[in-house]
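*Asks:* If you read the protein sequences in the order shown, they are chains C and U.
Residue numbers for the first sequence follow the working numbering, beginning at 1 and rising by one.
Residue numbers for the second sequence follow the working numbering, beginning at 1 and rising by one.
By construction, these hints were calculated from the structure, which means they are not laboratory data.
Hints may contain errors.
[To be verified] Here are the simulated SDA-like pairs of lysine to any residue, each with C-alpha atoms no more than 20 Å apart in a straight line:
| no. | chain 1 | residue 1 | chain 2 | residue 2 |
| --- | --- | --- | --- | --- |
| 1 | U | LYS294 | C | CYS178 |
| 2 | U | LYS251 | C | GLY181 |
| 3 | C | LYS251 | U | LYS294 |
| 4 | C | LYS83 | U | LEU50 |
| 5 | C | LYS294 | U | TYR86 |
| 6 | C | LYS83 | U | CYS178 |
| 7 | U | LYS294 | C | GLY175 |
| 8 | U | LYS294 | C | GLY88 |
| 9 | C | LYS251 | U | GLY175 |
| 10 | U | LYS294 | C | ARG177 |
| 11 | U | LYS251 | C | ARG177 |
| 12 | U | LYS251 | C | ALA42 |
| 13 | C | LYS294 | U | TYR179 |
| 14 | C | LYS294 | U | ALA85 |
| 15 | U | LYS83 | C | PRO299 |
| 16 | C | LYS294 | U | PRO176 |
| 17 | U | LYS83 | C | SER300 |
| 18 | U | LYS294 | C | TYR179 |
| 19 | U | LYS294 | C | ASP174 |
| 20 | U | LYS294 | C | PRO299 |
| 21 | C | LYS294 | U | GLY181 |
| 22 | U | LYS251 | U | ALA233 |
| 23 | U | LYS251 | C | CYS178 |
| 24 | U | LYS83 | C | GLN270 |
| 25 | U | LYS83 | C | VAL27 |
| 26 | U | LYS294 | C | GLY303 |
[Stated by the list, open to error] Okay, the calculated bits of chain C under chain U, using three or more residues with CB under 8 Å as the criterion:
| no. | region |
| --- | --- |
| 27 | 34 to 48 |
| 28 | 66 to 77 |
| 29 | 153 to 166 |
| 30 | 267 to 273 |
| 31 | 320 to 328 |
Just so it is clear, the structure is predicted and the values come from calculations on it, not from any experiment.
From the three backbone atoms N, C-alpha and C, an ideal C-beta is built for every residue, glycine too.
Protein chains: 2
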Amino acid sequence: MTELAIGVDIGGTKMHAAAVDRTGRIVLERIAPTLAQEGGEAVLLRALELTGAVLAEAERLSGARLAGIGIGSAGQIDFATGKVAYAGETMPGWTGIPLGAAVKERFGLPVWTDNDVNVFAVGEKALGAAREFDHFVCLMLGTGVGGAIMEGGRLVRGAFGGAGELGHLSVNFDGPRCYCGNYGCLELYASGTGIARLAREQAAAETAAAGTDKADGAAGVPEGGSEGPDSHAVIRGWLAGEPWAVRIMDKVVLALGTGISSLVHTFNPQAVIIGGGVAATGEPLMAAIRERVKAQTYPSMGGHLRILPAGLGAGAGVIGAAAQVWVYG
Amino acid sequence: MTELAIGVDIGGTKMHAAAVDRTGRIVLERIAPTLAQEGGEAVLLRALELTGAVLAEAERLSGARLAGIGIGSAGQIDFATGKVAYAGETMPGWTGIPLGAAVKERFGLPVWTDNDVNVFAVGEKALGAAREFDHFVCLMLGTGVGGAIMEGGRLVRGAFGGAGELGHLSVNFDGPRCYCGNYGCLELYASGTGIARLAREQAAAETAAAGTDKADGAAGVPEGGSEGPDSHAVIRGWLAGEPWAVRIMDKVVLALGTGISSLVHTFNPQAVIIGGGVAATGEPLMAAIRERVKAQTYPSMGGHLRILPAGLGAGAGVIGAAAQVWVYG
Numbered sequence: 001m002t003e004l005a006i007g008v009d010i011g012g013t014k015m016h017a018a019a020v021d022r023t024g025r026i027v028l029e030r031i032a033p034t035l036a037q038e039g040g041e042a043v044l045l046r047a048l049e050l051t052g053a054v055l056a057e058a059e060r061l062s063g064a065r066l067a068g069i070g071i072g073s074a075g076q077i078d079f080a081t082g083k084v085a086y087a088g089e090t091m092p093g094w095t096g097i098p099l100g101a102a103v104k105e106r107f108g109l110p111v112w113t114d115n116d117v118n119v120f121a122v123g124e125k126a127l128g129a130a131r132e133f134d135h136f137v138c139l140m141l142g143t144g145v146g147g148a149i150m151e152g153g154r155l156v157r158g159a160f161g162g163a164g165e166l167g168h169l170s171v172n173f174d175g176p177r178c179y180c181g182n183y184g185c186l187e188l189y190a191s192g193t194g195i196a197r198l199a200r201e202q203a204a205a206e207t208a209a210a211g212t213d214k215a216d217g218a219a220g221v222p223e224g225g226s227e228g229p230d231s232h233a234v235i236r237g238w239l240a241g242e243p244w245a246v247r248i249m250d251k252v253v254l255a256l257g258t259g260i261s262s263l264v265h266t267f268n269p270q271a272v273i274i275g276g277g278v279a280a281t282g283e284p285l286m287a288a289i290r291e292r293v294k295a296q297t298y299p300s301m302g303g304h305l306r307i308l309p310a311g312l313g314a315g316a317g318v319i320g321a322a323a324q325v326w327v328y329g
Numbered sequence: 001m002t003e004l005a006i007g008v009d010i011g012g013t014k015m016h017a018a019a020v021d022r023t024g025r026i027v028l029e030r031i032a033p034t035l036a037q038e039g040g041e042a043v044l045l046r047a048l049e050l051t052g053a054v055l056a057e058a059e060r061l062s063g064a065r066l067a068g069i070g071i072g073s074a075g076q077i078d079f080a081t082g083k084v085a086y087a088g089e090t091m092p093g094w095t096g097i098p099l100g101a102a103v104k105e106r107f108g109l110p111v112w113t114d115n116d117v118n119v120f121a122v123g124e125k126a127l128g129a130a131r132e133f134d135h136f137v138c139l140m141l142g143t144g145v146g147g148a149i150m151e152g153g154r155l156v157r158g159a160f161g162g163a164g165e166l167g168h169l170s171v172n173f174d175g176p177r178c179y180c181g182n183y184g185c186l187e188l189y190a191s192g193t194g195i196a197r198l199a200r201e202q203a204a205a206e207t208a209a210a211g212t213d214k215a216d217g218a219a220g221v222p223e224g225g226s227e228g229p230d231s232h233a234v235i236r237g238w239l240a241g242e243p244w245a246v247r248i249m250d251k252v253v254l255a256l257g258t259g260i261s262s263l264v265h266t267f268n269p270q271a272v273i274i275g276g277g278v279a280a281t282g283e284p285l286m287a288a289i290r291e292r293v294k295a296q297t298y299p300s301m302g303g304h305l306r307i308l309p310a311g312l313g314a315g316a317g318v319i320g321a322a323a324q325v326w327v328y329g
């Protein structure tokens, strides 16, 4: 008899539900748009519908037993109650939604609910790059920057589950004000939107330096539409050794190296696991970060530290969500 | 029958041993110079001698039972083995000393050994300002800046006990290089030596701005000897509203507010407990920090946060060291 867990991953853009076995294999899956702007109640109904559809299909698989449902959601989640403690502007009305309780009531299975990056850490520990570590920090470099911390094999959750907002670790008190209130947050430099912001700033500085005539631009930031180049264009330019992109990525790597070094001094972890779209750049970015962190940490703590890319691929969200069922069940 | 614990606090300048009861009252105590420059073995022998002297006196107290020995030491301590994992230049040869094992072998009592700021946190939780909190961060603002983190009632220790080096959380990647390797560490702004450094920098900038003639200086940094004003002079000037000192302390408070906000986003604590000589400034500094942190954190996490001065006074070191015996014994 195959045991299956249902994993549900609710992000600002899409939601993803899957039936996952103990090895992390996705047996079946469904994806739906979140349509976050329709409000928290509408998103909850859509999540219940998607979960129900996957559950019904999984129940029809012969020889499968459903062990429970694991949910990972954007926002700050109170793990004890499964309630959304806080969600930002990208998910209006999501704050206060009793997500875990609603799923449990509907389907009558054991349910665990946590924020998406905590769930990512649970998945990496159970099935991914962190299998051999009890003390590690996860950084998700995507549209924003998310984080999770495992200490002695347990997630660090804090007073109500809000811990691990590592995108809002400041690396520069002279930096721009972030929407969280802090100055020079890591997210303003190391996320996709942060990298694009640095490119716009650098283009504006070049234009100003060249007077009203745009400089010849061979070494400058390319125009790339009204918004300037996006993070993908910057990273492509960096990998190709283009000077404008190297200048931008030097700052990105400085911010990441500084923030990760701060986290190493704070947590003395065995490893830092880096995932998300920006990290998909792969080995050149990992190598640059490793070099910086090595130079910027105590040798006693940095010497044995591993800095590794996430081990679970595109399905990391649902696999991690489902892994909660195996870990806590 | 009174139960007593022996607390031993080993710092870079002095060591302090005391017999402490369950309420945190110091029954008897002795202090000796550390003479750290004599090397790790010599410091260990001196600590054994001091501990033995307090132990012998405590044993002579009629009706007293000795429950164990708790040690707090400068440096990074491996709590599991009681060994000094790393100590900086202020304690040469202290790295590698098997402190806990040596004390246990000599006296045959249960022994717990941890770093001085972890021990401070244990004391504040057992008997001080953190009694009602399970999730809190401690910052010690002294000659340097030390830290400790309690999460769910347990100390965050990391891979080998090095966690909590919060003085080496960066707040400014454009800042000066710290001896730890990182840039713009909190310790470079918020410690006694950091505040004195800021005063020297500001004095040098004023001198440069005034050309070779020293400016009239009514609003400038006073000379205060070859080293410039120390942190006490800066803090006195700040409390008196002197503009030169306000400029310096604005930066100190910005660094503290930024670093604490980063810690709030990282740990979602119920409280931040601030101790050490710089914090002895009292309520004006606490109020300034509270205002900054409130402005620089997510309302969901900063709203209910308490920022409090340490509850244990001058004996906090030995009381916290001894409290380990009650907490772990």
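*Asks:* Determine which of the earlier numbered hints do not hold for this structure and return their numbers in increasing order.
*Replies:* 3, 4, 6, 12, 20, 25, 26, 27, 28, 31
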